[in-house]
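Residue numbers (my numbering), protein chains in the order written: chain A, 39 to 522; chain B, 39 to 522; chain C, 472 to 616; chain D, 472 to 616.
Just so you know, not all the hints are guaranteed correct.
Covered by chain B, according to a simulated footprint, are these stretches of chain A (three or more residues, beta-carbon under 8 Å) [as the list claims (entries may be wrong)]:
| # | segment |
| --- | --- |
| 1 | 57-64 |
| 2 | 80-87 |
| 3 | 284-296 |
| 4 | 347-354 |
| 5 | 459-471 |
| 6 | 479-489 |
I should point out that these hints are in silico values taken from the structure, not numbers from a laboratory. Heads up, the beta-carbon is just placed ideally off N, CA and C, and yes, glycines get one too.
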Amino acid sequence: MKLTAAKMNQEEFARQRQAVLGQWVTGREVDFSEAVAYHKELPESKIFALKLLEAKNNGSTYAQPRAGVALLNEHLELMRYLQAEGEADFLPTTIDSYTRQNRYPEAQIGIDESRRAGRSMLNGFPAVNHGVAACRRIIESVSVPVQIRHGTPDARLLAEITLAGGFTAFEGGGISYNIPYAKDVPLESTLKYWQYVDRLAGLYEEEGIRINREPFGPLTGTLVPPSISHAVTIIECILAVAQGVGNITLGYGQCGNLIQDTAALHTLPILAEEYLARLGLPAVTITTVFHQWMGGFPQDEAKAYGVISWGAVTAALAKATKVIVKTPHEALGIPTKEANAAGIRTTKQILNMLRGQTLPRTAELASEEKVILEETRLILDQVLDLGEGDIAVGTVRAFQAGIIDVPFAPSRFNAGKILPVRDSLGAVRFLDFGNLPFTGDIKDYHRERIARRGREEGREPAFQMVIDDIYAIGKGILVGRPRS
Amino acid sequence: MKLTAAKMNQEEFARQRQAVLGQWVTGREVDFSEAVAYHKELPESKIFALKLLEAKNNGSTYAQPRAGVALLNEHLELMRYLQAEGEADFLPTTIDSYTRQNRYPEAQIGIDESRRAGRSMLNGFPAVNHGVAACRRIIESVSVPVQIRHGTPDARLLAEITLAGGFTAFEGGGISYNIPYAKDVPLESTLKYWQYVDRLAGLYEEEGIRINREPFGPLTGTLVPPSISHAVTIIECILAVAQGVGNITLGYGQCGNLIQDTAALHTLPILAEEYLARLGLPAVTITTVFHQWMGGFPQDEAKAYGVISWGAVTAALAKATKVIVKTPHEALGIPTKEANAAGIRTTKQILNMLRGQTLPRTAELASEEKVILEETRLILDQVLDLGEGDIAVGTVRAFQAGIIDVPFAPSRFNAGKILPVRDSLGAVRFLDFGNLPFTGDIKDYHRERIARRGREEGREPAFQMVIDDIYAIGKGILVGRPRS
Amino acid sequence: MEQKTLVLGVIGADVHAVGNRILAYAFSQAGFKVVNIGVLSTQEEFIQAAVETGAAAILVSSLYGHGEIDCCGLRKKCGEAGIGDILLYVGGNLVVGKQDFSSVEKDFIEMGYDRVYPPGTMPERPIEDLRKDLGLIGNGAELCT
Amino acid sequence: MEQKTLVLGVIGADVHAVGNRILAYAFSQAGFKVVNIGVLSTQEEFIQAAVETGAAAILVSSLYGHGEIDCCGLRKKCGEAGIGDILLYVGGNLVVGKQDFSSVEKDFIEMGYDRVYPPGTMPERPIEDLRKDLGLIGNGAELCT
Ligand code: B12
Ligand code: B12
């Protein structure tokens, strides 16, 4: 199959489906029309897309944790706990790392070892191994919508099983679940895998079942400048809509400067609507998700609450539809359910107190928005050019050429030439532009701001400054000032 | 002695001093010139005024907890702990409630009972009973400046002992430590008591010893509209400067709406400078202090961290010089030292991450500032009118007439006619203006906003709405929407 | 139906006035006659007010942490004043620090209080308890309010 | 002074690349020759790289929680490959959840690792340890860097 952004044809889908469902024994449990019937019976309160719309319409920000453990009963208990004690508006089911790499036999070892050890030896819920019926137990055990959250380059079987299992939202995309999550998987492959996932969601959509899709905005979670993650997110949005997806949540990970983060959230839907229209694709329902700081956390729980809260404040003031919540255990390990619920409650206290409060539009905010829009458009237009109008083809070529370049990504299909660094106020700028197709004006904008910081710190901006920034939040600050 | 705002003469001061120092046995330990000599030996790092100036000059916000226990050794341990584990920039010594009411014999019982029980039976440090030498142990045990924080209508002996004891900052004032802290003490008396305290600080000042004075901005801590607390704070500032005080920190307690709180902090120094100049008083060094939410807290610690963080964010964005920190135990009891330190660390994480970030000046902010300035001026001008130019005399008459009126205050010298309530965005407005000397325009401004909330909630704004607002933050929200 | 009188106040050197204000309002709304002696009240003032008004109950608040010292001995003094059987409720943040409530409750029950309320109690609870303890429930009294 | 070679990588299905990148940079700056096999590395890949480059030490990272499963047996396989005495360090967030580090350390020492590092370790510590363990200290080596 040649790579193209066009809708996958039914024969190709059917051909792949047979292979996909044969990858693990639980694939046999999937029966699409029976699954559609199951979805039709779900109460509206369990449908992700509807609750997102509710948040959007009443101007609230809803909170969602990450969580998943190896065994079903413990996972059910975790879900119920986060709903009752965490007051979570949305629930997740986070998938373990073996499943993410399609290593189902190892996931099985993890399940067995967890049974033996009496504690979860996996960092998530191995949904493929557990199968369709187990997934439905999750949906039926709670009263709010649940989403699959993971980081799986080839998530076709996972999507088949969990969507048949009644999940109404599925995170990820062909770029965002490859470049930060893989080393050796060609982009061309993951784009195709995810076209399958999107087509599958599109098939549900055609049956009247709303499946929410969410590109993973934060990428490597570490000093990713907004225009980079925006470019990726918009491409994945376009690719999803091309396969018939009708409900999309655009994601972005907190950088830490209020103005920059607000500008980033404001510009996401603008860009999505603009490019969908330009490419002649249908307008779909767009919402946004803000991820509380995704990089290294402070080990001290009191300080972690500070980081969590600052993310909650930004989400509320910038009016994200949804915020993904961290926990006071973040720096140390997968949180206990108590720590997880605590993170949500801290977040919800802030969201509720700030309900209705916004960051007024100011010159600073407008100029930050302008820069993000301009940079993202420069990247996306170049991607379309490289693809001769086909955004899928263009994406592969753009990564080859370093036109899109994700900092600190493990994939060898990522150029890895750019370097991000904070300016004096903590906004993430480019220290090295690699091959990004930016204008001289934009480059000057970044350079000027970074130079100002250099002067303040009496040092030449260089890789050591980047390292200092990576450690900074973990050490209680935002800008990695030189250690004195 | 007739009440007047003029500087107290030396004979009157000497006369009172003799009586004051005789109120409790430890009064004998006070020797002014020996105390001046002691202060002269203090390193600069222990001088409150200097460290405040440092914060102001480099645009930072510094954090200070509240803390005090019955016994000296435990108190020293507490101080060292909050410095080391809490990373406190400033330390407090919070005084117990018997001392605040000059009930030294009861404070002594508290000390004795605490020794017996092996835990502090007092809600603060009884500095008068402990005496001058004990105070100096505190100053010598830590490396940051320490302030006396209390709520004492007649704090003359407390001031004598603690200033001789090496403290370089002293909170309170003749209004702010009467109206919220007493029931039956005439304002005229407390204004005089505090002129004594200010004169004492002024005497130190004349000897080259900088004593920082801080009116207690939050008053009853419960829905106090900014113009009310500003009027009180500015009057106390004027009264202090008239007695020779040279270093003042103006306080304000968080209401919860970012724009209103920022406007409140911005307007404090403007008003102080304006009225000092108008009254022909010298310009002094003005800094500001923001108190994290002073009303009822949520019992859940995770939620309390959210409230603490929102206060920290506001302090940082509004550029308060100092922020007074609450703890995750607030709703339940005097915090352990661990909980106290945790509150400071959460706060400091946020202050450090937000360093340099500000709330840009917008139309909304400017209009909120305008309202606060106008309201406060209307009150203050009326006070001056009533006092025929003497602000002390005017203050007594203004309280009698309800021209200044503090919500929920226990004092019978407070009219208690006004009622505050939140608007839709959580800003505190006036539901009942009592006798406040506001213009029709201002009243319409408040009424219009409250009416909007009433419409949203489908109820007539009335006392039940005020009650709902009092409980709101404790229940996880800012605006006390009707329980559904 | 006879209207029962309650004496309400905050004991000791305690000035926390907000909860007291709300309780007074809520008890009045619930149909009780409220004699609110306010903050900074001594044991003697509570008793005097109760004797003078023939009150059915005394409700003591202590928020600031000195409750153990301030509340001790009130029952005995009530006895001396001839109202030894009066209903005594106490509530607030009764001790210094965040302590296990059941042990606090036990201490205050031992001091002679009939009911002890933890921090953050909403008025609905004491109102219901009063109706029960004063025999106002079951005779339609709750319908009158 | 001979330059020592280190093999560096992240084991198992783990993709956490940031710490690995910083460690590689820091060890190079400190004068070591770094062979960085990156994320998603198998035990075999670690051993092969060490054998091929004559490395003095293998430094294994595991961040994502599956460390107990992924790291088990590496020492034995080293023996089979004829490098049974090679220095083995391991660090990161080695187990699932926030666990007491001393018990984690004990487990990994028992698995045959020479040194075990807790979450959030800064590069300075392993650099100093390597110099000690590889006998580079006291002979002026530290002055060369
Ligand atoms: C950024 C991040 C990510 C990014 C990674 C991007 C990328 N490709 O690099 C993304 C978002 C993709 C991600 C994904 C996942 N992550 Co992650 N991630 C983090 C996070 C927030 C920061 C890691 C980081 O970069 N730190 C900065 C660097 C500089 O520090 P470092 O990695 O700790 O490394 C330093 C030291 O540890 C030490 N060190 C490390 N190894 C070694 C080895 C030796 C020998 C020595 C001496 C020292 C040493 O030196 C390094 C430099 O100082 C941490 C939590 C945290 N630390 O705050 C979680 C964390 C590591 N992730 C975690 C998990 C579980 C996952 C996921 C499974 C998703 C999930 N369930 O939540 C996936 C896993 C994907 C996979 N297959 O591996 C968990 C691990 C839990 C556990 N061990 O119990 C953590 C701890 C978060 C948590 N509390 O749940 N993650
Ligand atoms: C506002 C406040 C103040 C204001 C009070 C203004 C005023 N004059 O009213 C100011 C700032 C002046 C203040 C001062 C002090 N405060 Co104060 N204050 C508070 C705070 C934040 C809220 C209290 C409040 O108004 N709540 C709202 C009302 C509606 O609720 P409530 O008071 O709890 O009352 C309800 C219930 O408890 C119950 N209830 C109360 N009494 C009774 C009695 C009965 C019989 C029943 C059935 C029910 C009942 O019903 C009420 C209505 O629902 C609390 C902490 C908190 N709760 O978050 C601390 C708190 C009460 N204060 C405390 C302290 C220690 C002080 C100070 C000594 C200063 C200090 N060291 O920090 C001084 C004391 C001054 C004095 N002499 O009393 C401590 C007490 C500690 C303890 N018990 O261990 C608290 C708990 C804070 C803390 N964790 O340190 N405070």
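Please check whether the segment 57-64 of chain A has three or more residues whose CB lies within less than 8 Å of a CB on chain B.
violated (count 0)
Using C-beta distances, would you say chain B covers the segment 347-354 of chain A, given that this needs three or more residues below 8 Å?
Satisfied; 4 residues make the cut.
How does the coverage statement for the segment 459-471 of chain A fare against chain B, requiring three or more residues with Cβ below 8 Å from a Cβ of that chain?
holds (count 3)
Outcome, coverage of the segment 284-296 of chain A by chain B - at least 3 residues whose beta-carbon is closer than 8 Å to one in that chain
Contact hint for the segment 284-296 of chain A vs chain B: holds, 3 residues under 8 Å.
Mind checking, does the segment 80-87 of chain A have 3 or more residues with a CB under 8 Å from chain B?
Violated - the segment 80-87 of chain A has 0 residues with a Cβ nearer than 8 Å to chain B, which falls short of three.
At a Cβ distance under 8 Å, does chain B reach at least three residues of the segment 479-489 of chain A?
violated (count 0)
The structure fails to meet hints 1, 2, 6 from the earlier list, while all remaining hints are met.
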